[in-house]
Structures are given as C-alpha cells and as structure tokens.
Amino acid sequence: MANDTKFRNRKFKAVGTRPPRPDGLDKVTGRAKYGADTFAPGQLVGRVLRSPHAHAQITRIDTSKAEKLNGVKAVITSKDLPDLTDGDSDLYDTLENCMARDRALYDGHAVAAVAAIDAPTARKALKLIRVTYTILPHVTDVDEAIKPDAPIVQPRVYTSGVSPKPKSPSNVARVSEFGHGDVEAGFKAADIIVEKSYKTEQTHQGYIEPHACLASVGPDGHGELWVTTQGHFVFRNTCAALLGMDVAKLTVTPSEVGGGFGGKTHVWMEPIALALSRKANRPVKLEMTRNEVFRSTGPTSSTSIDVKIGVKKNGRITAASAYLRYHDGAFPGIWAMLGAMTSYACYDLKNVKTVGYDILVNRPKVGAYRAPSAPMAAFAVESTINEVATKIGMDPIDFRIKNAAKEGTKSSYGPTYGPIGIGPTLAAVKKHPHMRAQLKKNQGRGMACGFWFNFGGETCTDLNICVDGTVTLTVGTVDLSGSRTSLSLIAAEELGIPYERVKCNISDTASLGHNDMTDGSRGTFSSGMSIIFAARNAIDDLCQRAADTWGIPVKDVVWKDGRALAKGKKHRKLKSLSLDDLAAASSNTGGPIAGHSQIVADGAGVSFASHICDIEVDPETSATKVVRYTVIQDAGKAVHPDYVEGQFQGGAAQGIGWALNEEYVYDENGRLQNPGFLDYRVPVCSDLPFIDTQILEIPNPNHPYGIRGVGETSIVPPLAAIGNAVSDVAGVRMTHVPMSPPRIRKAIKDKQA
Amino acid sequence: MMAGTLVSTIINGDQIEFACRPDETLLEVLRNRLGLTGSKEGCGTGDCGACSITLDGRLVCSCLVLAVEAEGRKVNTIEGLADGDTLHPLQTNFINHAALQCGVCTPGLLIASKALLDRNPNPTDEEIRFALAGNLCRCTGYDKIVHAVKATAKELRKQ
Amino acid sequence: MKYQTPSTTKEAAVLIKRERGKAFVLAGGTDLMVRMKIGLIEPDLVVDIKHISAMQSIKKSASGFRVGAAVSAAKMGENNALKKAWPGVVEAANLIGSDQIQNRCTIAGNLCNASPAADAVPALIAAGAKVNIVGPQRRRTVAVEKVITGPGTTSLAKGEIVEAITLPKRLPKSGDAYLRFIPRSDMDIAVVGAGVGLTLDNNGVIKSARVALGAVAPTPLLVAAAAKAIVGTKLNKAALEKLTVACTAACDPIDDMRGTVEFRTEIAGVLARRAAKIAYKRAGGK
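Residue numbers (my numbering), protein chains in the order written: chain A, 31 to 783; chain B, 42 to 200; chain C, -19 to 266.
Any given hint could be a false lead.
Stated by the list, open to error - Partial pick of chain C residues on the chain B-facing surface, computed with a CB cut under 10 Å:
| # | residue |
| --- | --- |
| 1 | 10 |
| 2 | 12 |
| 3 | 16 |
| 4 | 18 |
| 5 | 23 |
| 6 | 52 |
| 7 | 54 |
| 8 | 78 |
| 9 | 80 |
| 10 | 82 |
| 11 | 83 |
| 12 | 167 |
| 13 | 237 |
| 14 | 241 |
As the list claims (entries may be wrong) - Label pairs and their in silico Cβ distance ranges:
| # | chain 1 | residue 1 | chain 2 | residue 2 | range |
| --- | --- | --- | --- | --- | --- |
| 15 | B | 112 | A | 49 | 42 to 50 Å |
| 16 | C | 257 | B | 162 | 32 to 40 Å |
| 17 | A | 528 | B | 163 | 32 to 40 Å |
| 18 | A | 605 | B | 54 | 34 to 42 Å |
Stated by the list, open to error - Cross-link-like lysine-lysine pairs, in silico, DSS-like; alpha carbons within 27 Å at most:
| # | chain 1 | residue 1 | chain 2 | residue 2 |
| --- | --- | --- | --- | --- |
| 19 | C | 55 | C | 40 |
| 20 | C | 40 | A | 779 |
| 21 | C | 217 | A | 779 |
| 22 | A | 655 | B | 191 |
| 23 | A | 95 | C | 2 |
| 24 | A | 779 | C | 222 |
| 25 | C | 217 | A | 470 |
| 26 | A | 63 | B | 115 |
| 27 | A | 471 | C | 266 |
| 28 | C | -18 | A | 154 |
| 29 | A | 157 | C | 2 |
| 30 | C | -18 | B | 115 |
| 31 | C | 55 | B | 115 |
| 32 | C | 261 | A | 655 |
| 33 | C | 208 | A | 470 |
| 34 | A | 533 | A | 41 |
| 35 | C | 153 | A | 157 |
| 36 | A | 776 | C | 217 |
| 37 | C | 153 | C | 208 |
| 38 | A | 471 | C | 257 |
| 39 | A | 338 | A | 779 |
| 40 | C | 222 | A | 776 |
The set of hints was computed from the structure by calculation and includes no laboratory data.
Owing to the predicted nature of the structure, the values given are computational and were not obtained by experimental measurement.
Built from N, CA and C at the ideal position, the CB exists for glycine as well.
Make a model of the complete structure from these sequences and hints.
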C-alpha cells in the first residue's frame, strides 16, 4: 500500500487550499539567501576571460603577467581541468563548454579564469592574460550550418541516427524520427494539403538572478559548493567528475534560486570556481554578469521548421508531417528530437511523421527552457492548423476538437494516452467568456494548444516526527516557486494534520540520497509522490507504536485524521492516540518515528493547455499590444491553486515575450549584439494585461492524488496563439518569431505588393 | 591600489559609516561591505530594477549610484521596509496574493511599489503597471503583483 | 578613480580641463555608470555636478524657462508651469527609462551622451531650446541642435560643461509634442523619435513650426523642409502628406537590432504626422 501510485479519488482536506508560503517572509524582507548572498572569510573574487570570437583556434594563452600581479591568487586555463571524462562524450562536452580547450566555439566561450583579492585586481588580471587566436570561419544560422560548404563546428561529431554510419563529421549531430502509419498514402487521400515553413529565433530563460556560486576546496580533496541551481545532486556528480573528486566529499548546498526555468539545470562555470579554489586554497566567489549570462549559459535553439498537413473536406486530418531543424549551439543535444516528439502530440492521427535535425552552430550550448523545444514546434503546427481550418471553412476550435487526441490515442511520439485534458481544454475554450468578448478596431483573436510530457525521476525524501508532533520534511528537489508549500500540504494531507504543523526543508547533498533536478515539472510530482510514500511509512510505524501501547495486533489499528484508532467492537474502550501523543511517547516505544522513501517516480502524466489571445496591432506602425489573455490547462490536481495559477501566468508571459520581442541578434562576425535586458526585450509590467486562468483537473491515474506536472506546458501555446491573433488582424500569416513590429510591417507590405 | 573614501550616511534610519573606493556602486557597498544582500544585482545596468532602493525618498537603481554619492543622504533598502516585526502591508499582501515565486525581484518590486503608493495613493491599473515597468519579473507575469499593490493601496487609503 | 563634488560650474570646468587622464561629468549617472559597468570607459576623474547651485533648479522668467543641468527628469515632470508651457519637452524627458531612471537622469545628460536616439533632444530642438555652456575661461550659448555632432560626440571642447538648458518664452497659441516608437510599452531606446513645435495665428493657421527627428540619422535632425510643409496650413491632408515626404527624405538611418532602414523611414513619417496633430491641438487648433 505504501508505494502504490494509483490515483484514488478522495475528498481533500489540505491539498487544494491556499495557505501562505513558508519562504514568503524571508523573500519579502530580503533575508532569503540566493547564490550571490553568502560570503566566506578570506574569499577571493573569481572572474572569467571569454572569447570575443565565434570560432577561433587558441594557439597560445600567456598567463604569466596575470599570475605575477599582486593580489592574484590563482589563474587557470583548461590545463587545470584535465580530461578525466574517460570516453563519456556528454561529460566531455560539459568540460569543453566550461572552458575551451584548443578552440573557442562561440562568442563568450570561457578560455581562462582568475581568482584575486578584489574585483579591480581580478579585472586587471584578466586584461593581462594574452590569448592568441587564429580566427576561423564560423556559422550561426541553423539553415546555413547544414549547407555543404559550412564550417564544421565539431570535427569529432558524426551524425547519429542515420544509416549507414557517416564517414565524415557533420554539423548535423543527430537525426531522429517519430511517427506511425503511412504519410504518403495519407497525403494522397487528402482533399486539401497545406505546406508552410516557419522560423523562430533564439531566446533565453531570462531569470533575473545571474549564476553565482561560492566554492571552497581543500588540499584534502574535500569541498563545499554553495550555488544557485535546479539540481544540486546532479551538479555534485558533474563537478566531482570533472575535478576528479570523490562524490561524497563534495557537499553542494543549493541556495534559493532566483529563477531557473531549466537554465540552471546545467553546470556552466561551477567547475571553474572549484578549480580556482583548489589552486588558490581559498574560497572563491564567482558571479556571472548579465552579459555573461546571455553569452555563456544555455539559451534555446533557433529553429527552421517545415510543416505539411493533409485534410479531408469533412475536417479529419489524413496525414501530418514536420521536418524540424533546431540548433544545439556548439555541442550536440536532443533539442530537435524533443521538438519532433511534441509536434503533433495534441492530435489523434492515423498517419504522422516528424523528423528532427539537431544542428551545431557557433553559439552557446543550448540549455533547457521550460518545455524545451515544444513552443517552436507548436508555433509551426498550430499556425498551420489554423491555415487548414480556414481553407476548409471550419472554425479553428472545432477543427481541433475533431482531431484532438483522447484516451486510447496512439500519440505521435509513441505511447498511448490515458485520460488526458486536450479535449476538455478545447471544450472549455468554446465556453469561455473570452471567446464572446467584443473585439475592437485593429484587434484580432487567436487560440492554440500545447502539450508537455512532464517527468518523474530519481527522488529521495525523509519525513521526521519531532517530539512535539510537528513534522519536518527533508527533500532534495530545489524549490523554485512554491514546492515547499505544496509538499507540506501533501504531507499534512497524508498524515491528517494541519498544514501549519509541517516544515519542509531542502537538504544539501550530504543529507539525502540522489535526487534528480527540479525540471520537467517534476518537483511537486516526484517529491510529492515520495513524501506520500514516506508519510505512509511513518504511518505504518505510528500504527505499530499505537498497537504496542495498547497491546493489540497492528492489523487492528487504523490511521484517520491524524490519529491512531483501534478498530472493532472489542477495542471500543480504547481512546484514540494522536500524532502528538505518539510523538511525545516515542522515546519509550522504540525511538524516533520517521518515514523514508527513495523511488524513481514515474507516470508524471502529460499535460495539455489551450490559450486564447486578443492582440491589437497599430495599423500604421505595427506596434503590438496584448489586450486579453486566457490560459486553460489541465493540472491533474491543483495542490495549491494560487501557485498553479502563478505557473500558468508566468509561462504565458514568457511565451508572450518570445512571440513578440525576444531574440538573440548576431552580427556577421558571430558576436551577440544584445547581451542585456535593454535590447533583449522581456515583457515589462506595462506590456501585459491581467492573465486569466482556468484550472482543469483530469486526475493523473498514476499518482495517488492525481497530480500532473504543471510548470511547463503554459509556455507552449503562446507563440501560436499570438501568431494566430496577429495573422488574424494583419491579414497575413506570420511565419517568423518573434513577431516584432518591423517583421509584421514587412509581412503586411509584402502581401500588399 | 585606489584610495578609499569614508562615507557617512543614514541607512534604514541608522547612522552608518563605511569605507569604499570611489568607483564602487552603492549596490556593491550595500551587499559586499554592509551585508545588506536584500538588494540584488540582476543586470548592473539599470534595466531590471532588482537593486531598487530609495535615496532621500526617491526611487533609484543602486547599481547606477556611486556609493560616495550617499554621503549625508538617507538610504532606504528592503531590509528597512518592515517596522521591527510588523510587516508593511505591501509585504503582507505580496505573500497573501502569491505575488512572488522565486522572490529575487521581490525586494526591488516592494521598494518600487512603496515609492508609487507614497506619491500616488490611488493609482489606476495602468499607473501601477507603468510605475513598475522598471522592475523585471520573469516568474509571475506580473498579474498577482498588480493585484497585491491594488489591494494594498485600498487598505492604506482606508487607514 | 577620483571623485570630486565642486560647488560652482567654473570649478567643475577647471577640474575637467586640468585632468590629464579621462574626466567625466556625473549628473544622474544613468549613462555614465552603464558605460563604466560594461567596461567601455575607465574614468580617472568623475566630477559630480549635483552640488552646484546654478544647476539645481527650474527657473521661470520673462524670457522663458531655465532648467539647470542637474535637474532630474522626474523633477521636470513635477513642475506644473513647465509642463503647461512645454508639454512636449516634459513628456519627452519623462519617457526616458523607468521611474528609477527618471529620478536620476537629466536632459543635459541625455543631450551630452549624444545618442542619435536620445529622447529629450528632438523635443528640445522642436522647442528651439538653447544650451548654456561654461568653460574654464568663458561662457557661451548655442542652439541645442548644434551640440551633437555624431554618435557619442558633441561640439563641447575639453573642460566645457553644460550649465543649463533654456526654453524660449512661450508664445500664445503654441503647442509642442514628442512621440517615439518602441517595440514594448516602456524601457526601450527609441527606434524613431519625432518632436514638433508650432505656433498658430489668430485664424488657426500654422505660422511657424519646428520639426525634429531622432534615431533616423547619426544625429537628431532639425528638418527644415518638414516645418516648411506645414507652415501656412491647418494641417490638412495635403500638408500632412508633404510633411511625411519631407521627413522620409531627411531620414538616413541604419539597420540595427532595433529597426531596419525601411521601418524607421516609414515610421518617421507616421510619428511626425501624429506629433504634429497633437501639437496643433495643444496650440488650440481644431
């Protein structure tokens, strides 16, 4: 019973309420400590020297002058990070991305680093490092990179996923294919076919807190790392491996995280901080500037996507295909593969084929960004869906309803769906008052659907009952936006005690077994599931204590509403024992009462959303204004409804920025032109309206409470919802994201011509 | 080595003296010399507002103020917003309205919201949004933040 | 780096002239501090002008307004008399950045930073503003459109400092307006800026006008032909078309990450028309 993951319907007492968050007080008073908010005695300031070239051979690095500068305690290059990766190519990529070895692969690639007694000395030291570069031809565009004469970014990379194995290196790192049926036949059977191509530009997660860490490594091989991260256990494993340290001897403590969205699941400069500290034998604090965050961490892919959909006049799709070219930056990744998997996930298709091309370019190593790769694929597919609906004269929502995936549908990426929310969200869209709101002059409306898998993963938690009956939870998933609250609600629900009696702590790596990262919307899902099992284990122990106290068999004891009850007529004289009673007596009944759980959480449950957007476009300037926005998403079970709404609104806001204004701009030398918040334009408060939300709850059959991941899906529909809205008012199909005013203007004028 | 300057200022009502280099920003001094890490560096160039403080009652980005400029002036940071253990209504409403997620932009937003309500006790939604345009939030989409500020404005007007 | 707080303009000018290294004026710091942070400049001397009484106030007199160089844009927006007389100048100044920036930035600083996209400058040009410049030896006054000579460069000699910007006496039946195009609703550098100032005769016909464009050339432009297009008219359709043509012809923008040549040129005409209409209405035109 303890580890039973099946959803059982029940009336919830704690889950679904809206208590204030436990970390709220610290965050509104400035007491909460983020990555840059800690200090160690004797700490040094670390700074990193980065390549200004998109692609260059590093022929020589002369650090001698920097080393001699008064106040400089360590200078490192890749020589101080020897290759210990032992054939693990992913780990080698991480090592090379951390610090360039013989070639700089993108503008911003680290080539050396210093640790000095203060910032001015560190700055001076960087200036004294002489790097001799031989500039090589570079490529930054995803379609240019696959041309036969394109410079090869990684000579060690040969295309995987093709047969026969290629003989020469390629910028196409991987080809992946998904689908089923026979698309050729399907297109032949279609009455109407729509084929269109789309492009989306690179974006960044845009978290307000830059990466920062404080590293302290001693000559005895023991080390400590305080770091802003979404996965301190994974960071520990990676850093220990790269530095040749024993994993157990590196303790990583996660700080509060000032936004991650997937960008803080990867190691960027932490090994550098550790290597500097080890060399200097002093703590080293390393903070990235905003410029470095944009140039040298993990933005998304830019993409180039071809979509083809065939349909019968009655509205049934007969075949659908997508060819997706995503760039991975300078190191291979699975980003196009994820795009190929998600493209048609919302639909019930007999014949579908998606092919993803992961392509290398001289840009930073692409990282995960909230439902990675799905928003771009959704933009291409959902825009085309609207085109198809228009061509056959069908309402775009009805067209989607007619083709929506449902329980039993074989998804385009493989698995068969259980009960899912795409149909319900579409039905909710039709009923929503937003659809009936009057549009004013120069305004258009669009809607779109989105999907995300959500992940489970390795999870380990402890639940300890204190002598006064209050409960501490120890979890290993970093809290990004409120999971401490949700996990406390779950523990309170399971134990049958008030929420206020539970305190949730995020442990360091020394205090728990391995936990995968807080990503893939898995934090509440996985740690939540693990907490339920830990609580059930604790309840087993509590019942045993009660049984021992009463002298009755444990099978006669039941746990209800925070109390042990002796069931059966023969025990009716026995008064119930509360959690507090049992806790107070615990030292006499067997010692501390606790529950522990380590699992690989599975069955996170897919999550679907439909968004509606009204947008106004100035007829003379093409300036855009989002006037109304609605998010309808299936959460399975909303543990804390305020926080679920917050996830919906936050994801939508990021999608809106992506759709309208955010993009990486490179010049002809491959240098990033806008590595700052002035010209990388995320939405400001005055750019957005209130974002309406509707939470649907179609329980996930594989979670005891029906919980699904919620954090990511809401970034998937906005690009297409806005694309459909702008196309509606502009009278021309928008195919290039972001749909900035100059692009809209040009599309309108090209159509008029 | 750059010569140091002794600066005498009032921070959150307390008389404070510190030594700094002339080229250090007020943000750097608050965080690195005075241990007041509530103000954050999100960009260092005045685009994100995470370092917002008030200088003689005026809302500014502390990353764009030289620490030496604080001589003889009054500085107010997030650490001084609560009155002892009594939270300012903005702080309470931010928590109650779930107007924060990761919380890193929250100190700056609270300081900016207070600066708004101090000069305009009855702002419209649009006035709130433009007053807070200098404070980036990447988590919330600003929705619950605006609700929290509105609720606070209403509460304060009743007092 | 040395930091000085002189109490007179002359003192400040002398400090800068004498400095052998790189010397900079610090008013609001919203440009200077950014350039320091990103490593573009490493000052040897920073002269803080905010302690100079001749720069601290907005004075109204019979000859117009005098805005001291250390007056923040926020303070300009709080001056009712200034707002009433020169709404275009004040709204331009109040568009610069966020509230945080507004409490520090100055129109003198905006001018001397000499960005082609500076928001205050087209409005100041359209208003016929003048600049009081003080050097170690002498003072001079120049028309605001003569200050910026190229992106990041001004006609100020070493040691010359702007002490104040003056606006002429407001004639009856006058109005000014400034509009800019930005992709978001706030916080952006202008992609195009248009400032229009005009005065009507008793019949509501435009008798004099000044039209200025920003961000469409290496410097902000005073477009004489655009003014000519609307003088003698009541801003009818034909006049507005002529205005558009004149503005389009004057544009010499670049393609950059904020806008294309094509886009900027088109929007310049749109904003000039819209600003002209607002200025006309403010002047009492119907």
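A quick look at each hint next to the structure:
With a least beta-carbon distance of about 6 Å to chain B, the hint placing residue 10 of chain C at the interface is held under the 10 Å criterion. The interface hint given for residue 12 of chain C holds, since its Cβ lies 9 Å from the closest Cβ of chain B, which is under the 10 Å cut-off. Given the 10 Å rule on beta carbons, the hint for residue 16 of chain C holds: about 7 Å separates it from the nearest Cβ of chain B. With its C-beta approaching chain B no nearer than about 7 Å, residue 18 of chain C sits inside the 10 Å limit, and its interface hint holds.
With 10 Å as the threshold, the beta carbon of residue 23 of chain C comes within range of chain B, its nearest partner Cβ sitting at about 8 Å, so the hint holds. Annotation: interface hint on residue 52 of chain C holds; nearest CB of chain B at approximately 8 Å, less than 10 Å. A cut of 10 Å between beta carbons decides the hint on residue 54 of chain C: the least distance to chain B is about 7 Å, and the hint holds. The closest approach between the C-beta of residue 78 of chain C and any C-beta of chain B is roughly 2 Å, which is under the 10 Å cut-off, so the hint is satisfied.
Because the closest C-beta pair between residue 80 of chain C and chain B is about 5 Å apart, less than 10 Å, the hint holds. Because the beta carbon of residue 82 of chain C sits about 9 Å from the nearest beta carbon in chain B, less than 10 Å, this interface hint is met. Taking 10 Å as the C-beta contact cut-off toward chain B, the hint placing residue 83 of chain C at the interface holds, the least distance being around 4 Å. For the restraint placing residue 167 of chain C at the interface with chain B, the shortest Cβ-Cβ distance is roughly 6 Å, inside the 10 Å limit, so the hint holds.
Look at residue 237 of chain C: its Cβ only gets to about 15 Å from chain B, farther than 10 Å, so that hint breaks. The criterion of a C-beta within 10 Å of any C-beta in chain B is not met by residue 241 of chain C, whose closest approach is roughly 26 Å, and the hint is violated. Between residue 112 of chain B and residue 49 of chain A, the C-beta spacing of about 45 Å keeps the proposed range 42 to 50 Å intact. At about 34 Å, the CB distance of residue 257 of chain C to residue 162 of chain B agrees with the hint of 32 to 40 Å.
Distance hint for residue 528 of chain A and residue 163 of chain B: a CB-CB separation of about 39 Å, consistent with the stated range 32 to 40 Å. In this structure the supplied range 34 to 42 Å is violated for residue 605 of chain A paired with residue 54 of chain B, their Cβ-Cβ distance being about 55 Å. A distance of roughly 14 Å separates the Cα atoms of residue 55 of chain C and residue 40 of chain C; the hinted pair therefore holds under the 27 Å criterion. A threshold of 27 Å between alpha carbons decides the hint, and for residue 40 of chain C with residue 779 of chain A the separation of about 48 Å lies outside it, so the pair is violated.
Between residue 217 of chain C and residue 779 of chain A the CA atoms are separated by roughly 22 Å; this keeps the pair inside 27 Å, and the hint holds. Only pairs whose Cα atoms come within 27 Å are accepted, and residue 655 of chain A paired with residue 191 of chain B is accepted, the gap being roughly 22 Å. Between residue 95 of chain A and residue 2 of chain C the alpha-carbon distance is near 25 Å, which keeps this suggested pair within the 27 Å criterion. Restraint check for residue 779 of chain A and residue 222 of chain C: the C-alpha separation of about 22 Å stays at or below 27 Å, so the hint holds.
For the suggested pair residue 217 of chain C and residue 470 of chain A, the alpha carbons sit about 26 Å apart, so the restraint of at most 27 Å is met. Annotation: proposed proximity of residue 63 of chain A to residue 115 of chain B holds, straight-line Cα distance about 25 Å (limit 27 Å). A hinted pair counts as satisfied when its Cα atoms are at most 27 Å apart, and residue 471 of chain A with residue 266 of chain C qualifies at roughly 24 Å. Between the alpha carbons of residue -18 of chain C and residue 154 of chain A the distance comes to roughly 18 Å, so the proposed pair stays at or under 27 Å and holds.
Proximity of residue 157 of chain A to residue 2 of chain C is assessed by CA-CA distance (about 19 Å); at most 27 Å being required, the pair is judged to hold. Restraint check: the Cα-Cα separation between residue -18 of chain C and residue 115 of chain B comes to about 23 Å, which is no more than 27 Å; the hinted pair holds. For the proposed pair residue 55 of chain C and residue 115 of chain B, the alpha carbon gap of about 18 Å is at most 27 Å, so the pair holds. For the given pair, residue 261 of chain C sits about 26 Å from residue 655 of chain A by alpha-carbon distance, which is consistent with the 27 Å threshold.
The suggested pairing of residue 208 of chain C with residue 470 of chain A is violated, with an alpha-carbon distance near 37 Å, which exceeds 27 Å. For a cut-off of 27 Å, the pair hint linking residue 533 of chain A to residue 41 of chain A stands: about 23 Å separates their Cα positions. Restraint check for residue 153 of chain C and residue 157 of chain A: the C-alpha separation of about 59 Å exceeds 27 Å, so the hint is violated. Of the pairs offered as hints, the one joining residue 776 of chain A and residue 217 of chain C holds, with about 25 Å between alpha carbons and a cut-off of 27 Å not exceeded.
A distance of roughly 18 Å separates the Cα atoms of residue 153 of chain C and residue 208 of chain C; the hinted pair therefore holds under the 27 Å criterion. Under the criterion of a C-alpha separation no larger than 27 Å, the hint pairing residue 471 of chain A with residue 257 of chain C is consistent with the structure, at around 21 Å. The straight-line distance between the Cα atoms of residue 338 of chain A and residue 779 of chain A is roughly 26 Å, inside the 27 Å bound, and the hint therefore holds. For the hint linking residue 222 of chain C to residue 776 of chain A, the alpha-carbon distance of about 24 Å falls within 27 Å, and the restraint holds.
Checked against the numbered hints given earlier, the structure breaks hints 13, 14, 18, 20, 33 and 35 and satisfies all the rest.
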